[in-house]
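J.: Could you build the full structure based on these sequences and the hints that come with them?
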Amino acid sequence: MKKAFALVLIILAGSLLFFLKENYRQKNSADTMVLNLSWTMSLSEIKDLNLPVTFDFTLTDEHQNKITDAEIELVANMSHPGMVPVNAVVEKSGQGTYKSSFHLTMPGDWILFLTIRLKSGMEIKKEVLFKTMQ
Amino acid sequence: MLLKPRPLFFFKRVLQVSLFFLSLYLVAEGLWGNPFAPANLTTQFVWVHYRGVLIFSLLLLGNLFCFACPFIFFRDLLRLFVAPKFLFPQKLRNKWTAIFIFSLMLFSYEAFSLWSSPFKTAWLIVGFFSAALIVDGLFKQASFCKYICPVGHFNFLTSALSPSEVKIKTEQTCADCKTYDCLKGNADHRGCELNLFLPKKAGNFDCTFCMDCVVACPSDNILLARVLPGENLERESVSPGIGKIESRKDFQWAILTFFFLGFLNAFLMTAPAQKLLDVWLQINHSNLLWIVLNFVFFGMALPFLLFFLPANWLKQRPNDSIIVLLPMGIGLWSAHYSFHFLTGVLAFTPLLGLNLPTKWMGLNPSQAVPVELGLLFLGVLFSFLLLLKKEKQKAMKIYSLILFAALSLLCAWILLQPMQMRSTFVGVMP
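First to last, the protein sequences are chains A and R.
Quick note: the first sequence uses the numbering used here, first residue 3, plus one each step.
Quick note: the second sequence uses the numbering used here, first residue 161, plus one each step.
No lab work stands behind these hints: they were computed from the structure.
Since we're looking at a predicted model, the values are computed, not measured.
Any given hint could turn out to be false.
Covered stretches of chain A (in silico footprint by chain R; criterion: 3 or more residues with CB under 8 Å from a CB of chain R, positions within the stretch not fixed) [said to hold, decoys possible]:
(1) 4-11
(2) 15-21
(3) 25-31
(4) 83-97
(5) 101-113
Taking lysine to aspartate or glutamate pairs in the EDC-like style, the calculated list, with each CA pair at most 16 Å apart, reads [stated by the list, open to error]:
(6) K549(R) with E406(R)
(7) K68(A) with D58(A)
(8) K300(R) with D236(R)
(9) K121(A) with E73(A)
(10) K128(A) with D58(A)
(11) K5(A) with E406(R)
(12) K251(R) with E406(R)
(13) K4(A) with D236(R)
(14) K4(A) with D348(R)
Beta carbons: idealized from backbone N, C-alpha and C, even for Gly.
T.: Right, dumping it as structure tokens:
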């Protein structure tokens, strides 16, 4: 009885792993569109955390056409997990250029998580890495 | 008594099964999910929530995580099919291997930035499952728990301040016992796999709260009881299966490693440590060598210079002073882990699609400082009181009081430093 129960659990565990792997594979293969993101930080050295960081960027598609009508979510987070993320508002400023401004909460390594929603309904995620200067 | 034996054992199985499946999910999320640590539940749960809940449960309840260990649950499943044949090698029946693996785990954490990689974190979980299976698949009893597991040893040491302990109810019942089921087991239940003989057991060292003894005892004479935290550190105790802790060099080094590597682990997160690293990188470009040197200095040289060398000069023994350093170490670890836990307790919610206001996700780092200092202060206070009571050698007592005061101030200084999350992507700049 105990052995049968153990076998069922082991098979269940294996099946769960297989199911999860397939699920992640499908999820990861969804974002296939080529999107170019060219960007500049307004501050070349982020020294003072009291000053806002402005992050301006331009979006182009695979044919180098400017993407002017995307809806964008921007979340800044640290490389260390468990830090409270910083949500930033992204504004369109024409010609495929977008602007955002936010305050960092701590010095160190940061990641900007961009969720870009195109008018066609397609959603693309991009990450931008940067670090503050000491 | 906190719970009756049977419901307690059932509760343990429910927790083990839950944590087993949660571990599987975290392995999958780490291997195949988002590769960025803050956007991945594996790194969030393992490096923030697990460590935070672990330390608070140890201090408020007891060794709940060994009690609910998923690695041992999986090992138990496989032991139904394959029984181990060998006894753990005599020469390795001590804490040296566990100290080495504990140090190696902390070293890997620093050297390979485990906190910033869901992939590596997932493999760490797989590594724990594999190690438990291999060691306990080969060797009888709970060899992995008693001699190898770094997390288990962290729990054993921290549970010195836990408010609960597995104990006997009445001495007379044990005196009349002829079968010793709590140790040897019986046809239905196994006995203590860590060789702790309950009538003589003192404190929580080496006790995984597995409750095997509780259900094996035919007289229902063992219970999970409330105790005064740290009461067993106060007196010299000889525990069966362990011996006299004060005289065991491996236990002394386990406590020194626990304290000094805890100190290093917290220090490396601060801005001054980053500045030191920058200075080092101008002299030598090897980040790895810097971490090796830090570990050699904090893990070996400093304990020797601060405890064994002065004791030698004073012609006294450092044993008791080392044992009573443990609460300060627990204070420091709990301060460090509580910082991560409190500042990011709900930081995982956006990953689940929940949009909570930012201020609900965790405390501002500056708001966590009083909690950190409070936890450290409690540990320091415990250490000082124990030192005054336990250390009988006058010269060593005076020296240790000065040393403990200096160490406490250094720990507080670390907690007051601005945090700076360590360089994970050196070279990637705007």
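J.: Are the Cα atoms of K121(A) and E73(A) separated by 16 Å or less?
T.: Measuring from Cα to Cα gives roughly 8 Å; hence the hint holds.
J.: Please count how many residues of the segment 15-21 of chain A have a CB within 8 Å of a CB from chain R and say whether that reaches 3.
T.: Coverage by chain R holds here, the residue count being 3 at a Cβ distance below 8 Å.
J.: When I compare C-beta atoms, does the segment 4-11 of chain A have three or more residues closer than 8 Å to chain R?
T.: Since 4 is at least three, the answer is holds.
J.: Sort out whether D348(R) lies within 16 Å of K4(A), counting only the CA atoms.
T.: holds (12 Å)
J.: Verify the proposed pairing of K5(A) with E406(R), using a straight-line Cα cut of 16 Å.
T.: violated (43 Å)
J.: Tell me whether the statement that chain R covers the segment 83-97 of chain A is true, taking a Cβ distance below 8 Å and needing three residues at minimum.
T.: holds (count 7)
J.: K549(R) and E406(R): Cα distance at most 16 Å?
T.: Holds, at about 15 Å.
J.: So if I understand the rule, the pair passes when the alpha-carbon distance is 16 Å or less; does K4(A) with D236(R) pass?
T.: Distance ~11 Å between K4(A) and D236(R) Cα, so the pair holds.
J.: For K251(R) and E406(R), compute the direct alpha-carbon distance and say whether it is at most 16 Å.
T.: Roughly 20 Å between the alpha carbons, so the hint for K251(R) and E406(R) is violated.
J.: Does D236(R) sit within 16 Å of K300(R), going by the straight-line distance between their CA atoms?
T.: The hint holds at about 12 Å.
J.: State whether the coverage of the segment 101-113 of chain A by chain R holds or is violated, taking the criterion as 3 or more residues with Cβ-Cβ distances under 8 Å.
T.: Contact hint for the segment 101-113 of chain A vs chain R: holds, 6 residues under 8 Å.
J.: Keeping to a limit of 16 Å between CA atoms, is the pair of K128(A) and D58(A) held or broken?
T.: holds (14 Å)
Hint violations for this structure: numbers 11 and 12, all remaining hints satisfied.
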